[in-house]
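K.L.:
Residue numbers (the numbering used here), protein chains in the order written: chain Z, 17 to 351; chain W, 571 to 947.
All clues stand as given, with none of them false.
Using C-beta positions, here's what the derived DEER-type ranges look like:
| id | chain 1 | residue 1 | chain 2 | residue 2 | range |
| --- | --- | --- | --- | --- | --- |
| 1 | Z | E208 | W | A649 | 52 to 60 Å |
| 2 | W | E739 | Z | E208 | 42 to 50 Å |
| 3 | Z | A300 | W | L941 | 25 to 33 Å |
| 4 | W | D707 | Z | R65 | 40 to 48 Å |
| 5 | Z | A76 | W | P926 | 37 to 45 Å |
Hints were generated in silico from the structure; no laboratory data involved. We put the beta carbon where it would ideally sit given N, CA and C, even for glycine.
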Amino acid sequence: MSTLTQTSGATRTSTMAQALNAALRDSMREDPGVHLLGEDVGALGGVFRITDGLAAEFGADRCLDTPLAEAGILGTAIGMAMYGLRPVVEMQFDAFAYPAMEQLVSHVAKMRNRTAGRLPMPITIRIPYGGGIGGVEHHSDSSEAYYAGTPGLHVVTPATVQDAYGLLRASIASDDPVVFLEPKRLYWSKAELDVAAAVEPVGKAVLRRTGRSAVLITYGPSLPVCLEAAQAAQAEGWDLAVLDLRSLVPFDDRTVCEVVRSLGRAVVVHESTGFGGVGAEIAARVTERCFHHLAAPVIRVTGFDIPYPPPMLEHHHLPGVDRILDAVARLQWEG
Amino acid sequence: MTVLDHRPTAPVPGWLPGATSPRTDPSPLLPDSSPVRVLGTPAFQKADPELLLDLYRRLVVGRRYNQQATTLTKQGRLAVYPASTGQEACQVVAGSVLQPQDWLFPSYRDTLAVVSRGVDPLEALTLLRGNAHTGYDPVATRTAPLCTPLATQAPHAVGLAHAARLRGEPVVALAMLGDGGTSEGDFHEALNFAAVLNAPVVFLVQNNGYAISVPLTRQSAAPSLAHKAVGYGMPGRLVDGNDAPAVHAVLAEAVERARSGGGPTLVEALTYRLEAHTNADDATRYREDAEVTAWREHDPILLMERELRDCGLLDDAVAAAATEQGEQLAARMRAEFHAEPELDPASLFRHVYAEPTPQLLEQAAQLDAELAAEAGR
Chain Z
17 MSTLTQTSGA TRTSTMAQAL NAALRDSMRE DPGVHLLGED VGALGGVFRI
67 TDGLAAEFGA DRCLDTPLAE AGILGTAIGM AMYGLRPVVE MQFDAFAYPA
117 MEQLVSHVAK MRNRTAGRLP MPITIRIPYG GGIGGVEHHS DSSEAYYAGT
167 PGLHVVTPAT VQDAYGLLRA SIASDDPVVF LEPKRLYWSK AELDVAAAVE
217 PVGKAVLRRT GRSAVLITYG PSLPVCLEAA QAAQAEGWDL AVLDLRSLVP
267 FDDRTVCEVV RSLGRAVVVH ESTGFGGVGA EIAARVTERC FHHLAAPVIR
317 VTGFDIPYPP PMLEHHHLPG VDRILDAVAR LQWEG
Chain W
571 MTVLDHRPTA PVPGWLPGAT SPRTDPSPLL PDSSPVRVLG TPAFQKADPE
621 LLLDLYRRLV VGRRYNQQAT TLTKQGRLAV YPASTGQEAC QVVAGSVLQP
671 QDWLFPSYRD TLAVVSRGVD PLEALTLLRG NAHTGYDPVA TRTAPLCTPL
721 ATQAPHAVGL AHAARLRGEP VVALAMLGDG GTSEGDFHEA LNFAAVLNAP
771 VVFLVQNNGY AISVPLTRQS AAPSLAHKAV GYGMPGRLVD GNDAPAVHAV
821 LAEAVERARS GGGPTLVEAL TYRLEAHTNA DDATRYREDA EVTAWREHDP
871 ILLMERELRD CGLLDDAVAA AATEQGEQLA ARMRAEFHAE PELDPASLFR
921 HVYAEPTPQL LEQAAQLDAE LAAEAGR
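Pulled out of the complex, with its shape left as it was, chain W reads as follows:
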């Protein structure tokens, strides 16, 4: 017999209320047992047709963006590109569900979300091109830098949302993570802080099945990643991440809940990364073709297009217009990235401190002299 066998089934007489007693009924916080869907359900008939067509157009353009960026890595024009091919429904919704004053906190795979937010598609790629860290203005675009360390942007989203709420401004922060990121300590600390502070934050976990090569079963033993919310005292929502209107419905509801003072929500979107982790990865080493093929049939664009055509919202002309918009973006990317970027070595020292230290001034002068000597050779 262990001590656990002595655990009482009823409250112990004299049990003090307060800190040690259950504070929350967990049942409203628990995610639905199956992911929320809109496509193929009666909810689709009630959805706003303009929103549906806008999502479709964004999906098609986003897919082309992913393809072109992947091609650019093969040509050596981008240092690396973690494609979100197959995850476009999450990406385009996350980028478009926020209001202008809200903040997006993307991870390194969320370039397309950043573009959907309104950031210039070429500026969104400077980190991955290798000519600058963050090409866009995070303050003007209310979009944090693409975050490469896992989950570390999640507490930033909490702090920003907390600060905005202290000022009485209706700002919501949306933090994007992958399934692997949910294993990091910063993820858990962020959720805990958000719930304790009742911060207006939405955490969107794109569960694409693998953290590089490690499958979800080796990442978490929880019934779902959305279940992790309950332990922190916030609702968890589970959504079909390839069903764009469903992702929109769930995220919009979570954003609205946060904005109206209801606190944070954790959303798990079930999706799949159709390509490898990055161009440097060989996905055939750790997953079966059959699995990839099955997910190709659950492609977010196919699902959307089929349904839109069935109900007469989409015809060939609308589809062709979306394709053409994607081609124009791809052409712009090719034109820009085939030109050599202008680089300024002096920029190395420019933004380390508000005022450079004496040591940095000396080193900047040293680099100047080295460059002058090279030029004179």
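Here chain Z stands alone, though its shape is the one from the complex:
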């Protein structure tokens, strides 16, 4: 992986993986308290190469290859944070983070609260998540609802190269713990990256496409699918807006409700299961707050309520353009 250096105003084409690598590098250069730890993050540079070259530049102590034990990795990071460091943890794949769930829920999320603010947890937990890369079981879960349902955690997920850089920088700088969900099927997506550009802050949703007919509300790996669906919908006379949440916690009620009130029709799209999912929360909030502005029920387009399927079947599970367009058609609701 080529190395991005921080040169003011410099814009260059970058993959999302390179942007994440640059964000880690620039954060480590700026703040000696930033320490990376995880399985394979050192010499190998991570299985997705997100930490490529960082052990060489910052040493094995600041880019620490740990024993293979996720609870131990996160638990150790907690102690490091208690001593004033700013750990960034890599959980190799979404489903591999589950052994660390107790440390995450009982300690990372609650330590500030348990200690009346005396022990903040400035930990960033990077989790490659989601499907679409042909991974076998336990390599494609979308676990955002577990994290979003845990008070004390921020849950952030970039969908663009620029956000991958900016949101990761902001997450590492945050004094609160951030579950940073990396949409692994977008790791190799390319776009212009300006490391000096201003980035919308964590907690602010961004309209990626304006429209007059309805809004697709989405995040992470589903953003490109929604943009493609919006393009295709034009042929059917639908002018769709696409809203990228970027952050599930804090949740940007304000922007979401503004857009929904102005358009009156909304579809929530994500690839994780629908029951008890983030889409259910969004649909409920929108209905509670925008009911009199709605011309149709808020519709969810999600993965099925099944364990993540084998890779040769995953395309049936993941919401694609057609499933989104079917939902958009249902927005012509007459009551």
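Starting from the known structure of chain Z, arrange chain W on it as the hints suggest.
P.N.:
For chain W alone, coordinates are given in the frame of chain Z:
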């Protein structure tokens, strides 16, 4: 014949050195076959008399603290109290063996250790009283919050000690666990990380015989819990947990070893919980009176007092002074806990995030309105 029958007794020709060959001679890591003792041994004569008297005084005051807290649960003044009665030798040593810059990582039963560390006795009880989670300042007192999930504080101790060592600061972390906690995965991950990182950590397991109702024989089949250290590449030490000077000697040595770069140690202290698991537990369902009676005769205070009187270090006046100090503490606890605590509902939203989310601000306003409506009724 199984494949195991083919296991070679001598190195296989061509066996590669390095990763797969034995790296450590286990024998120096193994615990002594019988627990370390000081009371009743020649080592007692060499012990510092001032240290012995200080330990005695702490034991007596600690016992009174345990008794008063247990009484307060019966009066409904504490939500719950897991007493360390019978385990005071471990508690008062763990709280006093550390230097000010060191960190203590207690479990829920280790309130007395927290008090012995210098934390205010009433602040140490807020979690168990139910009016706040952690009443003391963990940073100012270098004492982590009482940890209720089992063994999860052990990797925190490793991470903190590792961070301190990276900064070149001579800080040691002492993590306290029970015998039940050694069955949890976090215990094993913490030991492994500590050994691999050579972190300045001491793990103190107070083996009090039972994890609530489950006896040690159903908890572990190892020769001792201290033996578990060997598999991770650190020394295991076995000590009589009711022999305060012995616990002090073993822990002080482990702390010094950690501070001087020698790495982690696992200490198993053999002790006994004389009371039930908590006030909500009925210990008569799972253990015999005879067993409890035998352990009462091995009470850490009795053992200490007998020896100190035998050698003339302790007289009635010194004993009475210690008792009086305990009574004063108990009186302070009664006075404080019989008053209704001041509670602030707004505190619910105060420390969830550095900056509250819009959703929390809305909910705080909702609670405000509910309280105003109640007040106006």
